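Asks: Residues per chain are reported as follows:
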Amino acid sequence: MPPVGFIYIVPLGCHDMNDLETIALGVEEQFEIETRLLENKGPPDFAYDPLRTQYNSNLILKRLLETAPPDALKVLGVTDFDLFSPIFSYVFGEAQFNGKCAVISSFRLRGVPEGGERLHCPPLLDRLEKEAVHELGHTFGLRHCSDSDCVMSYSKGVQCADRKFGVFCSACRDLLFWYMAGNPVP
Amino acid sequence: MKENARVLVVDDEPMVCISLANWLKEENYFVKYVNDGQAAIETMKQEAWDIVLLDYKMPGMDGLDVLRHIKEIAPQTVVLMMTAYASIANSVQAMKEGAFDYVVKPLDVEELTLMLNKIVERQQLIAENLLLRKHLTERHKYENIIGKSPAMQKVFELIRTVADTSATLLVTGETGTGKEMVARAVHATSSRRYGPFIAVSCSALPETLLESELFGYEKGAFTGADRMRKGRFELAHGGTLFLDEIGDISMKTQVKLLRVLQERSFSRLGGTEEIDVDVRLITATNQNLVRLVEEGHFRSDLFYRLNVVNLHLPPLRERKDDIPLLAEHFMEKFNIEFNKKFNRIERKALEMMVGYYWPGNVRELENVIERAIVIDQGPEIKAKHLPFYTCETPLTGDEPLALEDVEKEHIRKVLQQNQWNVSRAAKVLDIDRTTLHKKIQKFGIGK
Ligand SMILES: Nc1ncnc2c1ncn2[C@@H]1O[C@H](COP(=O)(O)OP(=O)(O)OP(=O)(O)O)[C@@H](O)[C@H]1O
Ligand SMILES: [Zn+2]
Ligand SMILES: [Zn+2]
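One line per chain: the protein sequences are A and B, in this order.
Take the first sequence: its letter number 98 is residue 97 in numbering that gives the first Met the number 0, and every next letter is one higher.
Take the second sequence: its letter number 435 is residue 434 in numbering that gives the first Met the number 0, and every next letter is one higher.
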């Protein structure tokens, strides 16, 4: 039984909506689920922590869950602001493991790629798309993968993220569709 | 491997717990969290945890107290303290109390990942060795005999059943399979255990000497018999007499033995007095007694009397499950004997041992481990320590080889000829790559 509903992408103060369209297409392709892009919701000020001058990803996840469209299978928030999860100094993104929502940020993905400064702009879009698929993968119950090419592999830093592919390895892909078919996540 | 690592998060802030637990799950750990020290202690008592992430500052029982309890309940559990900057000094104290390390809040994902990986790897190593040791539980041991294979479990079961009877036992099996050990174990667990255990190797002595050894002699029974001597039968009175290599005794001795078994009495050489003995007889042989009977070299009536209960010890190569356990056992034994500190066996070495033919069975394995421990300082027994290391598969043409052994050897050769290029080797062997990979794995073929 295929999952019912859509994947919603919620921009939370993003500068470039064109990027988001590309990401939506990539997500749709990877998960084989229709993906819809909502209008820009503006910066997630409700999650701002003045002490840390960062945005609390837990609060964003909570808000995304509360405001999820009724036909949402998954909701992915995308922001340009620096995220932290209460216990960690920063995160690229966070997902509700085997849950509904995930959020990613481009803030820390702007780092210099491997090969140094010769490249003018880091492959931000590429990184963001991988991060989107990765965190959404977690919401479907996928854990980190030991195949370093796989999008579900845990990447230490952006350079590492540049090395992996933006797609699932065959094992993760099989697992993904196995879970989507309603089989329980251990 | 991480799938099995169990992490307990202890923090009074629910948000911290949730976000840590969520992240740990993604990292393939099994996670549970509790919000106070008391709950942590309860959980520690109920379940086993590999790692505890413990908050230093909690209301009520603080982290240091919890740490002490954890170390008492489960000393092998690794505790990582989580602390704010202000209390790094306290964390140093915690490490003195047995915490593995500390991390400063807010945590750096990369640092935590590295630290946990390090812990898991370390635990893995310890576990591999503990596991082996744990295998040596009662179930895998009977007296000093070690074996977890179904075949040995059956042997243990049989010993248990017959030990406390007075039934005569025939122990069969190739050389070095532990026949004498079994005889001793039977004796040690029977009601005769306070009586003597006397062992005689029948092949070691010429016929006449064997007879006088077994039955004793009167003064003047033959030249040189200047006084009366009791034989082993008499000495074993109230206990157990173990006759090894029973297939080697002469027809004449067989007759005498048969008489003792029938009448439970005998007379010394050169004597007439009938001596009654209460002896349990256990015999052993590495020969095929049935064949000897058929060929007329062994009396069938004696055979039936000796073979009331047959305990067969299969050759070591037919109970490979026992090899790691035995190797570990001998490693410990010779550690003590030679004052060494070996604590593990390289996987490759273990694979080679499991694949070897072991013509000398457990005795040979014992010698191999002894040699390894004598020639090196450790702490790991390596493949290169094994005497059969250079000739990975002994293809001398002497031993009959199983089809599988020939296949393994051939695959190894072709792989070598092709510089371990699996695709090319597969083409030569005319099988596909996956099949070849499976075979390499199955046979444990290594470069
Ligand atoms: N299952 C076992 N567990 C531990 N040690 C064993 C085991 N089997 C054999 N050994 C050891 O191997 C050596 C040989 O065992 P034992 O003398 O009992 O063999 P055997 O079958 O009587 O040999 P043979 O036929 O050559 O007389 C001994 O040192 C013994 O301690
Ligand atoms: Zn992840
Ligand atoms: Zn994968």
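Hints were generated in silico from the structure; no laboratory data involved.
A portion of the hints provided could be inaccurate.
Distance condition first, Cα-Cα at most 30 Å in a straight line; then the derived DSSO-like pairs of lysine-lysine [to be verified]:
1) K56/B with K61/A
2) K153/B with K163/A
3) K99/A with K153/B
4) K437/B with K347/B
5) K155/A with K24/B
6) K24/B with K99/A
7) K31/B with K61/A
8) K163/A with K24/B
9) K24/B with K61/A
10) K153/B with K383/B
11) K61/A with K441/B
12) K155/A with K117/B
Keep in mind the model is a prediction, meaning the values are calculated, not measured.
Asks: Hint by hint, say whether it matches the structure.
Replies: Hint check:
no.: 1; hint: K56/B with K61/A; verdict: 27 Å, holds
no.: 2; hint: K153/B with K163/A; verdict: 53 Å, violated
no.: 3; hint: K99/A with K153/B; verdict: 54 Å, violated
no.: 4; hint: K437/B with K347/B; verdict: 17 Å, holds
no.: 5; hint: K155/A with K24/B; verdict: 17 Å, holds
no.: 6; hint: K24/B with K99/A; verdict: 16 Å, holds
no.: 7; hint: K31/B with K61/A; verdict: 21 Å, holds
no.: 8; hint: K163/A with K24/B; verdict: 21 Å, holds
no.: 9; hint: K24/B with K61/A; verdict: 19 Å, holds
no.: 10; hint: K153/B with K383/B; verdict: 35 Å, violated
no.: 11; hint: K61/A with K441/B; verdict: 50 Å, violated
no.: 12; hint: K155/A with K117/B; verdict: 15 Å, holds
Violated hints, listed in ascending order, are 2, 3, 10, 11; each of the other numbered hints is respected by the structure.
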